[in-house]
Every structure is written in C-alpha cells, then in structure tokens.
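Next come the chains, spelled out residue by residue.
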Amino acid sequence: MFFRITAFILLAAYAFWLSYRRFQKSPAFNRTKAGRLSLDAYAVWAGRRLASIFASGGRPAFEAADRRLALIYPDRTLRWVVIGLAGSFAYLAASGLVFAVFTTRGMFGIPLLLHVVAGGLFAACLAAFAILRAKDNVSGPESFVIDRFTLRKFPRSLPPELLRPVLFWVFVAAGLALAVTALGSMVRFFSFDAQAGMIDVHRYSALAATVAAMGFFDSVFLAGDR
Amino acid sequence: MRIFRQALPRSVTTILDLSGGAGRIAISIAFLFVSLASVATLAAGQTPQMPKAQWDGSRTTPVHLIPLKDQFDQQIIPTEANPLPFSARFSCAPCHEYAAIRNGLHFNAATAANPGRAGEPWVWVDEKTGTLLPLSYRKWAGAWDPAAVGLTPWDFTLLFGRHMAGGGVAEPDEFEVTPGSRWEVSGRVEINCLGCHNGSNAQDQSEWAKQILRENFGWAATAAAKIGEVGGMASRVRGTWDIYDGPNPDDTEWAVPPYVRYDRGLFDSKHRALLDIVHKPSDDRCLACHAAAPVAEPKYKYDEDVHSAAGLGCVSCHRNDLSHAMVRGYEGEALDSPALGGDDFTCAGCHLGDQSAKGGQALSGRLGAPYPKHKGFPAVHFKRLSCTVCHSGPWPAKTLTRVRTSRANRLGIFGIARWWTDLPAVVEPVYLRDRNGKLTPSRLLWPAFWAEKKGRTVTPIKPEAVVAAAGSLLNPQQRIVNVLTALSLQLDADQTAVLVKSGKVFEVNVDGGLNASAYTGDLGATEPAWAAKQEEKIISVLPEFDPAAEEIDTAVQDRLQKLLDALAGMPDAPGKPVLIYQKALFKVTETYLEKTDNPGPPAAAPRFAWAVGDKLEPLVPEFEMRTTAALAGLEQTLTEEQVALVLKALQTKASSPQAGDGAEIVYFSGGRLFRLNRDGRLDAENDDSAEPVTWPLAHEVRPARQSLGVNGCTDCHRFGSAFLFRKAEGTGPLLTSRVKTVSANAFMGLDRPYQKLFGLSFAVRPLFKWALFLFILVIGSIVALVLFFGVGRLTGLVEKRK
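Same order as they appear, the protein sequences are chains A and B.
Everything in the first sequence is counted per the numbering used here, starting at 1 for the first residue and increasing by one.
Everything in the second sequence is counted per the numbering used here, starting at 1 for the first residue and increasing by one.
It is worth saying that the hints were derived from the structure and are not from the lab.
From the three backbone atoms N, C-alpha and C, an ideal C-beta is built for every residue, glycine too.
Among the hints, erroneous ones may be present.
[What the hints assert, rightly or not] Computed beta-carbon distance windows for the label pairs:
id	chain 1	residue 1	chain 2	residue 2	range
1	A	Phe54	B	Pro338	54 to 60 Å
2	B	Gly790	A	Gly197	26 to 32 Å
3	B	Asp751	A	Leu39	40 to 46 Å
4	B	Arg433	A	Ala94	28 to 34 Å
[As the list claims (entries may be wrong)] Among chain A residues calculated to face chain B with C-beta under 10 Å, some are:
id	residue
5	Gly119
6	Trp169
7	Ala179
8	Ala182
9	Phe190
10	Ser191
11	Phe192
12	Val211
13	Gly215
Could you put together the complete structure from these sequences and hints?
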C-alpha cells in the first residue's frame, strides 16, 4: 500500500511539475496573471498540446520526434538503441506500474509475458546505451570541481549542465537494479524472504528509473521545445 | 438445661412436662437425633460440587478397570445367562460426558451448523443399476442429502454403518425414528469409543462391519472390541422382538436373536472389565476409514506420508478436546471453527509459524517441522497455490491416478467374501481453486444415477425403484447362469457347464454371477455354444452325432434327454426345451426322446431352444447374450441399449407421484446426462448434475526432494505439461464412448493457449537468463567503473581529464 500511494503521488506530482514548468515558459502563461497558479489556463494549454500531438493521426508529432531524435543522436546506431530503450521502457513502466499501483493481484497473463520480453530488450539496449554514452556523461563543466565546498552546498552547488549526466546515471543504476532483481527471481539461489525483498527493490528501482526517464525526456528531448 | 427448655417450642415443653422423666429422656434423644440429621443434610447441600473429568495435568492414562454398563445403565455381569451388550454411553459416561462428545466432528454430520471445507462424501454403490450416488448430510457441493433421495437414518446406517463411528444419525432419538426402521430390534449405534481409543490389537473393524450388516447395531461395539463373542442376527428376527425377550427356544438355527458371551478373563471378581484405553489413537484406527491407496500399486511399494515416516501420528496434528471437534488442518479453518485454535495445525502453522502472533506462537518448527526456504521459487506461487499442490498426492503423470478409498470402495474389511469394490472410480490429483482462490489438489468422482428431471430440478431415483421397473433388463446374466447351473447337474463330477461366445468362456462363480476368460478354440465362433469345462479343456456338452441317422447312439440319446430334462427344470422356463440340429428337432415327450422335423431353417450346429406354442425362441434371448458378451471382463455394468430400455420402462412407470407431467427420466454417467429422444434413441448432453464431485486431498505428503518444482520450473511450466494439460475422462458404470473430458487447465480456470505459450517460453528461458546475466555484467562494470572514478576524483587520486 505504501508503494502504491508513494508511486502514484510521486509520478503524478512530478509529471504535473514538469509540465507546469513548461507551461510557465509558454506564451499562454504570459497572458495570465503571472505568479499565480493558473490551473484553468494550464488545463487548456495541456489539452491543446495533447490534441496537437494526435492531430492528423499523430503523423506531424511523429515526424517532429524523429527530427528531434536525429538532432540529439546523429549516430544511427545510437538512435536505434535509444528507440529500443525508450520503447521497451515505456511498456515496462506502463505495464509494471499500472499493475503495481492499481491492482492487488500482480501482473499476469499476456502483459506479464510481454513484460519479460520487453525486459530482455531493455537490458540489451541499456547495456548498449551505457557503452555508447557513458563517456559523454562522466564529466561536468570545466569549472566544476567536486570538493568539500561543493558537497557542503549540495544540491544547489550543482550546475544545470550536470542535470543530464545525473539523470543518465540514475537511470542506468536503476536499470541495473531492475535487471539484477529480475534475474534473481529466475535463479535457484534465493530463499522466499530474499525473493520478497527483491520484488520490493524491483518496484522502487522502477519508480526511480521512471522519474529519471521523465526528467531526462523533459530536459533533453523536449529541451528545444517552445 | 433451663436455657435449653427456653429454646424449645411451647408444645414440646408441654409434652415433656406431661410425659415424665423417662419420656423426657426419650423425647430429648429423638429431638437431638432429628436436629443432627437436619444439620447434616444442610451441610451436605451446601458442600460445593466437584467438577467432572478435569485434567489434573498428568500425562499418563488412567487404568480403566471399570464396570461395564448396558443400555439401561445396569452393570453387566458376565456370568449372567443372557447379558446385554455394553453401552459406551453409560460405561464411559461417569467420567466422560457423552453429551459433549456427540457434537464432535465424527458424529455431527446432520447437525453441524457449518459444514466446513468439503470432504469425501459417502457413495451409494449399486452395481446392478449402475448407481454411484455421492451422499452427505453436510451440504457439500456435489453430494446429495440422503433425506432428499429418500434415505432414512435407518437406511443410511445399513448402507454405511460399516465405516461409521457411531452416534449421529445412527443413534436417533425416539422422535426421530421413522416408519420401517427396526431400531427397537437392532438397537442404536452408539458412539463407538473403543473404535478409536482401544489400544488392544484385537480391535476389529471387520467384525464391526459384519455386525452392522447383520443389523446387530447394539452389539457391534462389543464384538469389534473383542470384549465378547456376539452371535445371532437381528436382521432375521421379527420386528416385535424385544431385547429382554432373549433367545427363541423354538428356533436355534435361523432367526437367532443377537446374544453376547463375554470374555470372563477380562473381568475381575467385582465384574469390572480391564480395558486397554489409549488417549491418542494409533494411526491404524484412523486408516480404517480414512485411507486411500493407488489401484495398481502393490502394498509393499506404497510410501507412507512423510510426517508418519518422521514419527508423527494422525492425532499429532488432528487434535481435539473432550468435545471431539477435531482439527482438520486446512487453511482458513479458523473461519469455520473459531474455537479450535486457529491455524496452528496447518502446513504454515507448523512450518512457518504465525507471523502475526507474538512470542513462541510466531516461531516455526513446531514438532520439529523444518523451515522451508523455497530457494528459487517465485513468490507469486505462494499467493496462487496451496502447499499441498506441490507436496501432496501422487506426482502428476500423463493420466490421473486411480485410487480406492476406505469408505467409497469398502476397504479394510477382511473375511471369506470379498467386500471391496472396483467402483466408484476415484481419481487424483485434480487441481481446483478453493474459496481463497488458491489451487488445491483434489480427488474426483463422476456420479452415476437414475433421476427424474423436471425443468432444472433433478431428483435421484432409488436403485430398488429402478430394479422394480426394469426387471430382468438389469440382470442379463441370470438366464445364462440358470442354464449353466441346470446343465452342470447332468455333467460329470469333474466337469462344469460353460458358455462359449466371441472368444470368451463364461462360467458361473460363487456369487452367482459369471466369470469371463479368454478362449482360443473353435467352439462358439459363429453361434454361442454350451460346453463343458474339464480341467483346462473345453468340450461340447453333446457328443457329435448325425441327426439324420435312423438310429442314434443310445448314449447320445441318453445324454440329450438328460440335458433337456435339466433345462425343463429351470426356474421361469418359458416353454419346453428342444434341440435343433440340421432339419431335426428333438424334444422329450412323456419321458421319451422324440425326433420331429425342424419347422425353422436348418441349424448347422446343435442348438438348444424353447418351444413356446408354435414358435421357437432362443435358449437365452439375443439381448441378454449380447449384453453379457459386451460387458464381460469390464467393470462397467450397463450398455447403452440397456439404459435406453430401462429409461423406457421407468418412464412408463413414473416412480414419483410428485413428478406429475413434464418429469422426464434420465440417467447420469461419465459426466453426461442420457435421455431418450423422440426417436427412442439415447442422446447425451451436459448437465450440472452430471458434473464430478471433488474434495481436497492433503495426504500423502511427499518429502521435500519429491515436491513439484524440485527439477525446476518445467515440472509444471512446459508445452506438454501433465500438470496443466492432462485430461480427466468421465468414467462410470455405462459402457459408452460419450463421456465428458475436462482438461486440467479447465479445472484450474486457466487459459489453455496462454499456458501453452507460457510453457513454450521456458524452452528459451535458460538462454534468456544467460543473456540477461551478460548485460548485467556489462552495465554493472560500467557503473562500477564510474563509481570508482568518482571516488578517485573526490580523493584526488584521479585527476580530471583535460
């Protein structure tokens, strides 16, 4: 029950925060009274954005996403790895969190089968993604030095340019935990109590990965959006 | 003295003054005596009553050297002329409250408010009518209420008393006695305390069954415990006999009333009997009624329950207090019986402990139960499966395992006659969901019975009603038996008459039925042949002869005449017996063998027949011959043709006056309902009442190394898994191919295509795991490297790259 409440509140609040921040940067917000929480205007703005994504069958949105992807990841191989990673993770997060939050029984049937298959794809793509992008996400700006003064003022001391690498490594680490706990439940080494613990780790790792993925999507993929 | 006088009533002082000195003394003494007696009575009335039969804490069982009492609460004197049988109610009652015990699990079938989890029903088996009707007073799904079927407690006791513990419906109160019962002659079947608590090896379940069959209900406990020898049969005694009438001096051979001769060696000089009483019954006592064993397996190969092998007894877990409300040990029993102590004695109760309890109650390991680590077992299985799915019953094979149970198949009753029956066919394990949605292994039985169906209401018909309507239709062997018996009288002493047909030899057995064995000779190839069996050879009853010859050998004539005379003496002979051979017809006329012309077509081989008026009928009707041959050597007892004919006969005589218009007679067998269609042929269809009856099984528990899953996931999850996909075919007394077939996954409520796909995925699972391990290795290495790198930067051991 604790996980269900936590996950629901955290994801809903974070999604709202990210999208409201984007709304604050949009012209629609400027037309309202600035500084005040304009939920009505926000709802209209969000509805229009969603409608625009699915307009004309979603084709313009698809093409825009394709262009954005090509801009961020010019390398074709990397682009396909990202598509595989994003696609598999989207299904894993949707199926896993829906069953975990909204049902008591747990995942079963075809969704479970597809979840396992997608999990394998996710692990493969994550490994490739980590290999291809680790180097670019290791160091921050030249002026940034990790010392005790930085740590004392953490997290305000972090420059904005570090957001992407932090999100990257949180996602990779969470993905690693997901894969490890999934494999752990399939081998014959762990007792029932350990299995129960691994399920909890799996769930919270999924939550962390989802939060990191949402932030990554917002800060990297939608960054050029107005 | 003055004070004493002042305390007395005036009338008394007047009497004292008038009576003089001696009188005063006498009156004073009398008054003193009365006063003392009153004080004593008052004192006795105010003494607190000691509670009965409280446990003092001693772990020993008291020596039971006790007076035995009869049903009138009189002490039994073993040396008396006609002692009565002992009564458990009055013999055990001074210390053990009978009224508290009679509401126990074994005795409260008809009165229990909550029937609890389903258990094994009683099965009314009648092979002749093909009846296998599950019965229970406990309102379990699939079992019929005996009263609804027309069974009185008397009938029920006669049918099943062989494996009953006494009490309950077998011990009715006066107002519960029904017409037609003979409780006053037979006595009641009291709770048989010694049936469980007799520590002597002489306790004999077979003797109990025998006495019940003889209707010696009141004597059964005495006989079974070997306290005394019981003779006579209440079943033969007139209905007006009373137990105090004693024996009938005019009949000492047939209708001998029940009597008992006590073993005087058990009694001391004060006529107290020494009984070997145990507090905890041995497993043998429980297994007399609660055993199940595979049909095909020899006894020496049978592995007992792992708990028994470890030294536990049945009562180590199935406990009770004086109330005899026994712990059954299934999950959720606390909801049905809150007073029993919750889930202490379930699998989880001993092996896992009660996590929600405090102190010692929360600990596992009760009675030395090992803690199961279940390594590698995904946690979802504990939500969906009960412990017994993996740990109990036989290992899932390609077909279900057929078992016999004590109560359904009448096991454990030994004697000259065979008691146990092949039917009903009980199979296991079938996996079904309990009320918590968990899979539980169960035993399964397909019911078979005749019934009236009106709309959706089904009312079973009693076998005797079916026999009354069907007559000889249900006894096709009888004519053949009669013929063979008649012919045998005329054969030599070392010969037995047999019938040869369709490669089988039919011979009369000791029960008056027919045994069939294989035959590879020439006889009976085209027509049934009446023959003689001499040692292992089969020869024709009649020597070969030429029927067209003028003079037939006198030995042949003599033999033929004797055979015809024997057939003429058969009961229910429909006409005159004749022999037809080629164009000749032989018959016995006024003690002479007469040869005339055969009015019918020539017979290639000698053939006996009946001359009924001007017609010739076969010795055994074709229907009876055909049915007997079809059922030879099989456990089925009915053919479709028989069922159709019996349905017609029953429909003509609607057995229930309440049926009225619209009631249809049907027959259930093998999971199907059989009814006559408009053309008079038999149709088969599905019906709720044809569904199998099931009850969970928990024993025998296999060792951990023999549990499902010990070999990995593929024990259950694979494309062709027996656990998920094997089929349960309907069985029953009807010989037919139109039976219901249910797949294991259907019983479990699982989707077959999905389970096939899921099972298929386990074929690539090892490869998947290795791939996943490789990816984890790569990602883990990268993450570890970055961590080390970060720590190095923090400590200054690693300089920032330029």
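Tested hints:
{"no.": "1", "hint": "Phe54(A) - Pro338(B): 54 to 60 Å", "result": "holds (58 Å)"}
{"no.": "2", "hint": "Gly790(B) - Gly197(A): 26 to 32 Å", "result": "holds (27 Å)"}
{"no.": "3", "hint": "Asp751(B) - Leu39(A): 40 to 46 Å", "result": "holds (45 Å)"}
{"no.": "4", "hint": "Arg433(B) - Ala94(A): 28 to 34 Å", "result": "holds (29 Å)"}
{"no.": "5", "hint": "Gly119", "result": "holds (8 Å)"}
{"no.": "6", "hint": "Trp169", "result": "holds (7 Å)"}
{"no.": "7", "hint": "Ala179", "result": "holds (5 Å)"}
{"no.": "8", "hint": "Ala182", "result": "holds (7 Å)"}
{"no.": "9", "hint": "Phe190", "result": "holds (6 Å)"}
{"no.": "10", "hint": "Ser191", "result": "holds (4 Å)"}
{"no.": "11", "hint": "Phe192", "result": "holds (5 Å)"}
{"no.": "12", "hint": "Val211", "result": "violated (18 Å)"}
{"no.": "13", "hint": "Gly215", "result": "violated (19 Å)"}
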